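Participant: I would like the entire structure built from these sequences, with the hints used as guidance.
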Amino acid sequence: MASAVYSSCSLATVGTSSMGTGAHSYLVGCYEQYPSLPLAPAKRAIFVSASASKRPLWFPGSTPPASLDGSLPEDFGFDPLRLGSEPELLKWFIQAEIIRCRWAMLGAAGIFISEALTKAGIMNTPSWYSTGEAEYFADPTTLRSRYTPDSGR
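Reminder that position 78 of the sequence shown reads as 125 in our numbering, one-by-one numbering, no gaps.
Calculated directly from the structure, the hints in this document are not laboratory data. Keep in mind the model is a prediction, meaning the values are calculated, not measured. Just to be clear, a hint being listed does not mean it is correct.
[Claimed, not checked] Label pairs and their in silico Cβ distance ranges:
hint : residue 1 : residue 2 : range
1    : Pro134    : Ala181    : 38 to 48 Å
2    : Ile169    : Glu135    : 45 to 55 Å
3    : Glu135    : Phe106    : 19 to 29 Å
4    : Leu153    : Asp186    : 20 to 30 Å
5    : Ile145    : Pro112    : 32 to 42 Å
6    : Ile145    : Thr189    : 25 to 35 Å
7    : Trp105    : Trp150    : 21 to 31 Å
8    : Thr165    : Pro127    : 41 to 51 Å
9    : Glu135    : Trp105    : 17 to 27 Å
Ideal Cβ placement from N, Cα and C applies to all residues, glycine included.
Facilitator: What follows is the structure, given as structure tokens:
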């Protein structure tokens, strides 16, 4: 007999079964419901069943806002300020999050690449955590106020 115990949405599968139990929702990332399966073909059988809600919420038992209907990826119903109540703003927030994530990935790649090139002896750059200690052509206050993207220049 095959055993199958599945945990909630973001946790890993504990056991696998070739019996094809449970339907996986690829848009939400959750298993819906599973029948009980015997664990061992012994004289006494132990039955284990697990189920997850069709839509996981950030706080179990809470009511999600009407604007977050579960159609978006990773939509756990968390919008305490109701910023996504307007559909046009929600689309903009989705795209802004994608852009910010891409900048973060680019920054992480820049850290790893410059560290690797410094270790290989190709570049001579300070470590990413000690770049503020390096001497530049101007004092740090001037550099921060002049060359930050939020300064409007």
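Participant: For which of the previously enumerated hints does the structure constitute a violation, in increasing order of number?
Facilitator: 5
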